[in-house]
Amino acid sequence: MTATSRNECAALDAADPLSGLRTEFVLPEGVIYLDGNSLGALPRRTLDRVHRLIEHEWGQRLIRSWNEAGWWDLPTVLGDRLAPLLGASPGEVVVCDSTSVNIFKTLAAALRMRPGRRAVVAESGSFPTDLYITEGLAGTLDGVERRLVADARELPGVLDDEVAVVLLNHVDYRTGRLQDMAAVTDLVHRHGALVIWDLCHSAGALPVELNACGVDFAVGCGYKYLNAGPGSPAFVFCAARHIGSVRQPLSGWWGHAEPFAFEPGYAPDPGIRRFLTGSQPVVGGAALAASLEVWERVDMAALRTKSLALTDLFMRRAEELGLETLTPREPERRGSQVALRVRDGDPGDGYAIVQALIDRGVIGDFRAPDVMRFGFTPLYLRYVDVWDATEALADILRTGAWRDGKYAVRNAVT
Amino acid sequence: MPKGTLREVKMEPSREMADRLDTVDELAPFRKEFNLPAGVVPLNGNSLGPLPAAVPGAVAEAVRQWGERLTRAWNEDWWHAPARVGDRIGRLIGAAPGQTMAGDSTSVQIFNAVVAAARLRPDRRVVVADAGNFPTDRYLTASAARLLGLEVVEVPMGDLPDAVDRHRDEVAVVFCPAADYRTGELWDVPAVTRVAHEAGAVALWDLSHGAGAVPLWVDDDGVDLAVGCTYKYLSGGPGSPAYGYVAARHQDRLDLPLTGWHGHARPFDMAGVFEPAPGVARARIGTPPVLSLLALEAALEPLERAGIEAVRAKTVRLGDFFLGCADRLLDGLGFEVVTPRDPRRRGGHLALRHPEAAAVMAALKDRGVLGDVRGDLLRFCVNGLYVSFGDVHDAVTALREVAATDEYRSPRFRRREVVT
Chain A
64 MTATSRNECA ALDAADPLSG LRTEFVLPEG VIYLDGNSLG ALPRRTLDRV HRLIEHEWGQ
124 RLIRSWNEAG WWDLPTVLGD RLAPLLGASP GEVVVCDSTS VNIFKTLAAA LRMRPGRRAV
184 VAESGSFPTD LYITEGLAGT LDGVERRLVA DARELPGVLD DEVAVVLLNH VDYRTGRLQD
244 MAAVTDLVHR HGALVIWDLC HSAGALPVEL NACGVDFAVG CGYKYLNAGP GSPAFVFCAA
304 RHIGSVRQPL SGWWGHAEPF AFEPGYAPDP GIRRFLTGSQ PVVGGAALAA SLEVWERVDM
364 AALRTKSLAL TDLFMRRAEE LGLETLTPRE PERRGSQVAL RVRDGDPGDG YAIVQALIDR
424 GVIGDFRAPD VMRFGFTPLY LRYVDVWDAT EALADILRTG AWRDGKYAVR NAVT
Chain B
30 MPKGTLREVK MEPSREMADR LDTVDELAPF RKEFNLPAGV VPLNGNSLGP LPAAVPGAVA
90 EAVRQWGERL TRAWNEDWWH APARVGDRIG RLIGAAPGQT MAGDSTSVQI FNAVVAAARL
150 RPDRRVVVAD AGNFPTDRYL TASAARLLGL EVVEVPMGDL PDAVDRHRDE VAVVFCPAAD
210 YRTGELWDVP AVTRVAHEAG AVALWDLSHG AGAVPLWVDD DGVDLAVGCT YKYLSGGPGS
270 PAYGYVAARH QDRLDLPLTG WHGHARPFDM AGVFEPAPGV ARARIGTPPV LSLLALEAAL
330 EPLERAGIEA VRAKTVRLGD FFLGCADRLL DGLGFEVVTP RDPRRRGGHL ALRHPEAAAV
390 MAALKDRGVL GDVRGDLLRF CVNGLYVSFG DVHDAVTALR EVAATDEYRS PRFRRREVVT
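Chains as they are written, first to last, in our numbering: chain A, 64 to 477; chain B, 30 to 449.
Each hint should be verified, as a subset may be incorrect.
[To be verified] Within a straight-line C-alpha distance of at most 20 angstroms, the following computed EDC-like cross-link-like pairs (lysine to aspartate or glutamate) qualify:
1. B/K61 x A/E118
2. A/K469 x A/D412
3. A/K469 x B/E105
4. A/K469 x A/D422
5. A/K469 x A/D409
If you're looking for bench data, these hints aren't it; they were derived computationally from the structure.
Build out the structure end to end from the sequences listed, making use of the hints.
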């Protein structure tokens, strides 16, 4: 049942099994944060963890911390702790680099596993870096063909025995549409190709079952729903069945079997470390370690239930205000974010409305050309927050406050 | 020459001399700008620089921005940080603004740079590289070569001009380190760059062991591309972002393989086709590690204020003093100095060969003297920004005691750590 008043929202908050987690986060006064799908909020315990890393591990122990404090093993230790959120097993996930760099690694690795097949399929509406990296890779390797589909529904038309790998976004970054990972993975496999799922907008947003779906590779980001901080290290998943034979081209010393033997030739680590390249930013790793402590207390089924209730509430209220919802209404087809558009409006209207909301402390974001995007993070958002956000939206639309020229000025980051 | 200089040092490398040199050292106050643990002699800044005192506050501020400003902080401070920090690193390597970009690891930067450098010479198929370069440079050069169908010719630096000459019509890229990561030998950046250019090749440098240790002039020397690490002489902290330098003349036709969204001309248009940003901004890839990046930014400040020339002058004197102490205290104990004695051929660290290097270093560390080991070489970084003459004397004295008493033969110094 969707709440129809603020009081009903307050009652839902009182009964929310996740309500105790809100105090784990630092949330600024007067802000309703609906942008955790872009940058997750700061977990309170991160402050201490980062401070200890800087002052003690680095300051006092210096290089000794590579061993003593576990800096060297951090990418795999964090990967193992992240694995349960992804439906992966220990030894299949490594935390490193940016999502963009990890897409390059996994695409190249998959192509090498299908010699003779030279086509890569990606979605034209996927997050742009997926397309750009695919382009960059196709330009680097001889004879690689890039095929684009609107989304997975068009896959049957392009899958043939030329296709080596398909790169897909689990949740669409704009609309929040969730793809059927099991069915699509199965389809790709039946055509002899491999699949890479980009989990940037699903990891930490909903239960992900990589192994149950038979996924080959996945990549994702730590700074959105996982709350690990700006530019925190991303991750790579590689199914255990592939790890022993897979090779990726960013074969730096951190992925070497014996990095401190300083051998002249490259020999990959036998495990998931072979997806590492160079030194990893340990401060970001420490922040992820702290945020994962919060995740260890989260029941993912409860998270999903609340997430769907929050997005449902927001969508219904937005529709009542006459806005167009781009996010699927069927729960099994949406992630944890909602995309809205102004019906029959100018492309810039959405940008101005988002800026007017931010001015009132309701932070969402805008994705060109005309999408207003709102993320719902059940760990620190309450039902009343969603209610209040829609009240602010209603007021901005009713009064036309968003038409003020100051809201049309574009920032570098939208 | 300032007071208390080489000639005196060479005559009498003693504790008293060290104290006298520290007393007149104009850079001595900079030591307080680093949070050095008590009882530690920090001679491993070539591996991980110590914590600058300004960094904890800068990181706390970055975390505060995250907590309070959330996504708004991207416009307020973060989005331009890679270019801002890049330009500051640029000043330390002799690069005018707009040519240096911070981000990613040195290894990722190397892959990007080798591929892009080779594409600047599309009709040529050979990369000539230093056989003694740091392994990750060699691994990634081999990988890039495999993808592009290039041949890699690895030779010792001394043979490099001949090798370039042998391949003069085929060599696309010459790839070398500014200093040897094992011996600390400093290479001649302008001379080798000239050799590359005379053969029509692109000169790519790994400045990891040079930047912050010695003055570099990449613009004046005509360097084409460079990469480097920031957690050594720049004290950016463990795994702090690396950087790439692209000479302005190459930027608009630089074809990088790692085409991430932050390198797009208009990243927030969310366009479907990659259009590289004008200038060095195309060398950005994905979202940069903001906390590490802002730590690095704060870390650069003491070095900038001291001035790289002054730091280098003191590093040379510390190196001379180290060698003077070694000659006097380590004679007959099985050590061999492998770093050139000529200061013009030395980077920021010194290397001693010893058949039991690992055990000797373990025993030294137990006494609070931090250096590190590469094969049978003990490495000691004498960064003039925060190392004192007293540190050098204490370190060599400890080396003598450890070696002369066979202390290093104790079983507890035989255990090998994962990271050496």
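Against the structure, the hints come out as follows:
1. B/K61 x A/E118: holds (15 angstroms)
2. A/K469 x A/D412: holds (12 angstroms)
3. A/K469 x B/E105: Holds: A/K469 and B/E105 sit about 17 angstroms apart, inside 20 angstroms.
4. A/K469 x A/D422: holds (11 angstroms)
5. A/K469 x A/D409: Cα-Cα ~16 angstroms, so holds.
In this structure, every one of the numbered hints holds.
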